[in-house]
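Chemist: Below are the chains, spelled out letter by letter.
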Amino acid sequence: MFEALREALIEEMKLDPTVCVMGEDVGHYGGSYKVTKGLAEMFGDLRVLDTPIAENSFTGMGIGAAMKGLRPVVEGMNMGFLLLAYNQISNNCGMLHYTSGGQFKIPVVIRGPGGVGRQLGAEHSQRLESYFQSIPGLQMVACSTPYNAKGLMKAAIRSENPVVLFEHVLLYNMKEKIPDEEYICCLEEAEMVRPGEHVTILTYSRMRYHVMQAAKTLVNKGYDPEVIDIRSLKPFDLHTIGNSIKKTHRVLIVEECMRTGGIGASLRSAIIDNFWDYLDAPIMCLSSQDVPTPYAATLEDATVVQPAQIVAAVEQICQ
Amino acid sequence: MAALWLARASSQLARRAARRHPPLRRPSRHGGEPASPWLLGPAAQPPVLGSPPLPAAERAFRRGFCSVRSFAGESSAAAASDEEEPENGFAGGDQQALDFPGGKVSLVAEMNFLPESHGERISCYRVLDDDGRTISGSRFQEVSKEVALKMYSEMVTLQIMDNIFYEAQRQGRISFYLTSNGEEAINIASAAALSADDIVLPQYREPGVLLWRGFTLQEFANQCFGNNMDYGKGRQMPIHYGSNRLNYFTVSSPIATQLPQAVGAAYSLKMDKKDACAITYFGDGGTSEGDFHAALNFAAVMEAPVIFFCRNNGWAISTPTTEQFRSDGVVVRGQAYGIRGIRVDGNDALAVYSAVHAAREMAITEGRPILVEALTYRVGHHSTSDDSTKYRPVDEIEHWRTARDPISRYRKWVQGNDWWSDSEESELRNRVRKELLQAIQVAERMPKPPVTELFTDVYDQIPSNLREQEQLLRDTIMKHPSDYPTDVPV
Numbered sequence: 001m002f003e004a005l006r007e008a009l010i011e012e013m014k015l016d017p018t019v020c021v022m023g024e025d026v027g028h029y030g031g032s033y034k035v036t037k038g039l040a041e042m043f044g045d046l047r048v049l050d051t052p053i054a055e056n057s058f059t060g061m062g063i064g065a066a067m068k069g070l071r072p073v074v075e076g077m078n079m080g081f082l083l084l085a086y087n088q089i090s091n092n093c094g095m096l097h098y099t100s101g102g103q104f105k106i107p108v109v110i111r112g113p114g115g116v117g118r119q120l121g122a123e124h125s126q127r128l129e130s131y132f133q134s135i136p137g138l139q140m141v142a143c144s145t146p147y148n149a150k151g152l153m154k155a156a157i158r159s160e161n162p163v164v165l166f167e168h169v170l171l172y173n174m175k176e177k178i179p180d181e182e183y184i185c186c187l188e189e190a191e192m193v194r195p196g197e198h199v200t201i202l203t204y205s206r207m208r209y210h211v212m213q214a215a216k217t218l219v220n221k222g223y224d225p226e227v228i229d230i231r232s233l234k235p236f237d238l239h240t241i242g243n244s245i246k247k248t249h250r251v252l253i254v255e256e257c258m259r260t261g262g263i264g265a266s267l268r269s270a271i272i273d274n275f276w277d278y279l280d281a282p283i284m285c286l287s288s289q290d291v292p293t294p295y296a297a298t299l300e301d302a303t304v305v306q307p308a309q310i311v312a313a314v315e316q317i318c319q
Numbered sequence: 001m002a003a004l005w006l007a008r009a010s011s012q013l014a015r016r017a018a019r020r021h022p023p024l025r026r027p028s029r030h031g032g033e034p035a036s037p038w039l040l041g042p043a044a045q046p047p048v049l050g051s052p053p054l055p056a057a058e059r060a061f062r063r064g065f066c067s068v069r070s071f072a073g074e075s076s077a078a079a080a081s082d083e084e085e086p087e088n089g090f091a092g093g094d095q096q097a098l099d100f101p102g103g104k105v106s107l108v109a110e111m112n113f114l115p116e117s118h119g120e121r122i123s124c125y126r127v128l129d130d131d132g133r134t135i136s137g138s139r140f141q142e143v144s145k146e147v148a149l150k151m152y153s154e155m156v157t158l159q160i161m162d163n164i165f166y167e168a169q170r171q172g173r174i175s176f177y178l179t180s181n182g183e184e185a186i187n188i189a190s191a192a193a194l195s196a197d198d199i200v201l202p203q204y205r206e207p208g209v210l211l212w213r214g215f216t217l218q219e220f221a222n223q224c225f226g227n228n229m230d231y232g233k234g235r236q237m238p239i240h241y242g243s244n245r246l247n248y249f250t251v252s253s254p255i256a257t258q259l260p261q262a263v264g265a266a267y268s269l270k271m272d273k274k275d276a277c278a279i280t281y282f283g284d285g286g287t288s289e290g291d292f293h294a295a296l297n298f299a300a301v302m303e304a305p306v307i308f309f310c311r312n313n314g315w316a317i318s319t320p321t322t323e324q325f326r327s328d329g330v331v332v333r334g335q336a337y338g339i340r341g342i343r344v345d346g347n348d349a350l351a352v353y354s355a356v357h358a359a360r361e362m363a364i365t366e367g368r369p370i371l372v373e374a375l376t377y378r379v380g381h382h383s384t385s386d387d388s389t390k391y392r393p394v395d396e397i398e399h400w401r402t403a404r405d406p407i408s409r410y411r412k413w414v415q416g417n418d419w420w421s422d423s424e425e426s427e428l429r430n431r432v433r434k435e436l437l438q439a440i441q442v443a444e445r446m447p448k449p450p451v452t453e454l455f456t457d458v459y460d461q462i463p464s465n466l467r468e469q470e471q472l473l474r475d476t477i478m479k480h481p482s483d484y485p486t487d488v489p490v
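Protein chains in written order, with UniProt numbering: chain A, 1 to 319; chain B, 1 to 490.
Since the hints were derived computationally from the structure, they do not count as laboratory data.
Don't take each hint at face value.
What the hints assert, rightly or not - Taking beta-carbon pairs under 10 angstroms as the criterion, some of the chain A residues facing chain B (in silico):
hint: 1; residue: 50
hint: 2; residue: 292
hint: 3; residue: 294
Claimed, not checked - Once the Cα atoms are required to be at most 20 angstroms apart in a straight line, the calculated DMTMM-like pairs of lysine to aspartate or glutamate come out as:
hint: 4; chain 1: B; residue 1: 390; chain 2: B; residue 2: 323
hint: 5; chain 1: A; residue 1: 105; chain 2: B; residue 2: 468
hint: 6; chain 1: B; residue 1: 479; chain 2: B; residue 2: 468
hint: 7; chain 1: B; residue 1: 412; chain 2: B; residue 2: 197
hint: 8; chain 1: A; residue 1: 14; chain 2: B; residue 2: 129
hint: 9; chain 1: B; residue 1: 145; chain 2: B; residue 2: 323
hint: 10; chain 1: A; residue 1: 247; chain 2: A; residue 2: 189
hint: 11; chain 1: B; residue 1: 273; chain 2: A; residue 2: 189
hint: 12; chain 1: B; residue 1: 274; chain 2: B; residue 2: 219
hint: 13; chain 1: B; residue 1: 448; chain 2: B; residue 2: 197
hint: 14; chain 1: A; residue 1: 105; chain 2: B; residue 2: 272
hint: 15; chain 1: A; residue 1: 105; chain 2: B; residue 2: 460
hint: 16; chain 1: A; residue 1: 37; chain 2: A; residue 2: 12
hint: 17; chain 1: B; residue 1: 274; chain 2: A; residue 2: 24
hint: 18; chain 1: A; residue 1: 246; chain 2: A; residue 2: 290
hint: 19; chain 1: B; residue 1: 274; chain 2: A; residue 2: 45
hint: 20; chain 1: B; residue 1: 412; chain 2: B; residue 2: 425
hint: 21; chain 1: A; residue 1: 34; chain 2: A; residue 2: 24
hint: 22; chain 1: B; residue 1: 273; chain 2: A; residue 2: 277
hint: 23; chain 1: A; residue 1: 34; chain 2: A; residue 2: 50
hint: 24; chain 1: B; residue 1: 412; chain 2: B; residue 2: 422
hint: 25; chain 1: A; residue 1: 105; chain 2: B; residue 2: 453
Backbone N, C-alpha and C define an ideal beta-carbon position, used for all residues, glycine too.
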């Protein structure tokens, strides 16, 4: 997947000279996850900028550059570090287009790896999508496959709005064949992963793979789950989701966020607001507990939703 | 013996390095004149980390830690780019100097701590004395009569604008205001030294820069009243002006957030190779923010053409500078980041003008950031929400308001040149006052932005959820019209 992201960056940087990349170790080091490998050699030091360690400041720098007409792609070495940039992201990135009366636009892309990895400890295993979801003016997407990673990156760069692109640490080495021709994924669209009839399972990022693993077991047990990768975390693609709910009448949300204030919590309330009449069972949401991610492997596994739990949840909903 | 060998090896490598590249005063990615007529003393050679830039045709710019192997010689960086086995010149027992990342450092046997201050405060550049006469021997940037008079009349306009809007707030006609009393010279003179292409990122006490560039009194009033002619569409509180046409970024309340943004704007100018710089203003309080530190550091590392203009006016709401920092003001911090700086008398219009003029030239031609610390005083309260007599003596305020007033000081100079008279003074003041009162009346009567503008510009296109929320609001207003103001179009 890291190659897909890199391809997207290269294509967009070739097409549009205002696209630039900034972040820690993105230049000559090639990025901590190799997403920007080789870019500095191709496009030069000024378009692939290595920054000192001050997330609030290089995000602020990206915002200033965007207000002046560039299209920066800001990389956080880990999404958790972007908490230091929260002030710039919320007060300026999200707000300035509005408070300036539309005079200044901020077409930045803020991206980086997040999610629970393999024993990276609490500070490096954060799910910031839940923290950013309230910020007005921001758009959020989460990629999960090389195909949608490339498409979403391109779309995010071309968007006039600030977009936060959430990648997952454990998915960078995913491999997939992707088309040679140019393609873009729509930022606001969800992805139908597996059509089905019995239950709608809504998920995103790494949990998609746990869900698909559970789906194999469920199919063997005679269930027919419909799996949707919601991809767009802000705004939700209520059109696709709604159509699915109208068909299956049962919803299970599987996420990596914490229970309180997670994406699942918002999604649940959006579904209740819009599709209450179509539901035959309460919406179930499987999420991580409200704890910092522990380091020990056994504990870490226990805090992430596992396929067995997903199977059990579907069985319970479909009773 | 080792020392002699090292010296020979050094000179060998130095000669090789010199043959390869012409001697560079400092590592600059984008060239630029190293010399500057305003520079006090010789420019210290900054430490070189990594190889000097190679022509674009050659392989990419290489940087990195000096490897252990290439510790030898004058320029360990040149050795690193040689790609040959350097002689192991690292004599471990060398007493004189050692190559650390960043360059050679000489070693001493005595343990000496650097003092926390220079002892004497950095001196302050001024051109006009307290009576508005140019100090003999002072060097300054000449201004034409036209520019000089424009500077004066805009300073007066700013003062009158501040007084009248402040009063309007007190009368309840606008909700909030903050003045630039005492800082008129900083506002106008710095703006006069810039070009229209230079990008301004203000804190909030610099409306004079916008005034200089042509923002009209009506436009100021519209923003303060938040009517439908406000460019901000009524979304920000008063004094949060912004104009992309005049290259003045919209004011954002949080302190110092504009500093790293200025570096980004300068970076954009550099990529476009524009003959322009970015300038960003902030107060003494703003220098405590983390963004100040990182922005200066970034600007230095990136060689960004940005002027960091600090209005050291003595107070951050109720916090005096003695409680804000313990350094000798702000100018000394520039050196900590490798940035050139100057301390200037902020109430001296000609000094501010000259300093910004020189800073701009250096920033653009040499591709470097400059720090300007203007010493001044915040004569007014922090804002209409503050009463500064609660935390500072009234006679201190009075002293700065009268004896140190930048406007009267500059007027004395202008009048001394026979460029201005008392009758022109009263004519100007009357005209501005009338125009302003008129603008306020017009702004007050103008309708407010319609409810649709509550939902636009959050994104480039209105998304469906906001459209729904707008419909919900409209329905609610239609059902309960008496609960909503009648002068807001639905």
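Chemist: Against this structure, judge whether each hint is valid.
Modeler: Now the hints, each set against the structure:
1. 50: Hint on residue 50 of chain A: holds, closest Cβ of chain B at ~8 angstroms, below 10 angstroms.
2. 292: violated, 24 angstroms
3. 294: This hint is violated: residue 294 of chain A lies away from chain B, its Cβ roughly 30 angstroms from the closest one there, beyond 10 angstroms.
4. B:390 <-> B:323: holds, 17 angstroms
5. A:105 <-> B:468: Not OK: residue 105 of chain A and residue 468 of chain B at ~24 angstroms, beyond 20 angstroms, violated.
6. B:479 <-> B:468: Satisfied, since the Cα-Cα distance of roughly 17 angstroms is no more than 20 angstroms.
7. B:412 <-> B:197: Not OK: residue 412 of chain B and residue 197 of chain B at ~31 angstroms, beyond 20 angstroms, violated.
8. A:14 <-> B:129: violated, 57 angstroms
9. B:145 <-> B:323: violated, 42 angstroms
10. A:247 <-> A:189: holds, 19 angstroms
11. B:273 <-> A:189: violated, 39 angstroms
12. B:274 <-> B:219: violated, 29 angstroms
13. B:448 <-> B:197: violated, 32 angstroms
14. A:105 <-> B:272: Roughly 18 angstroms between the alpha carbons, so the hint for residue 105 of chain A and residue 272 of chain B holds.
15. A:105 <-> B:460: holds, 8 angstroms
16. A:37 <-> A:12: Holds - the C-alpha atoms of residue 12 of chain A and residue 37 of chain A are around 15 angstroms apart, at most 20 angstroms.
17. B:274 <-> A:24: With Cα atoms ~26 angstroms apart, residue 274 of chain B and residue 24 of chain A exceed 20 angstroms; violated.
18. A:246 <-> A:290: violated, 31 angstroms
19. B:274 <-> A:45: Satisfied, since the Cα-Cα distance of roughly 18 angstroms is no more than 20 angstroms.
20. B:412 <-> B:425: Status holds; Cα separation ~12 angstroms.
21. A:34 <-> A:24: holds, 12 angstroms
22. B:273 <-> A:277: Violated, at about 60 angstroms.
23. A:34 <-> A:50: Holds. Residue 34 of chain A to residue 50 of chain A sits at ~14 angstroms (cutoff 20 angstroms).
24. B:412 <-> B:422: Holds: residue 412 of chain B and residue 422 of chain B sit about 11 angstroms apart, inside 20 angstroms.
25. A:105 <-> B:453: This hinted pair holds, its Cα atoms lying about 16 angstroms apart.
Of the numbered hints given earlier, the model fails hints 2, 3, 5, 7, 8, 9, 11, 12, 13, 17, 18, 22; all others are met.
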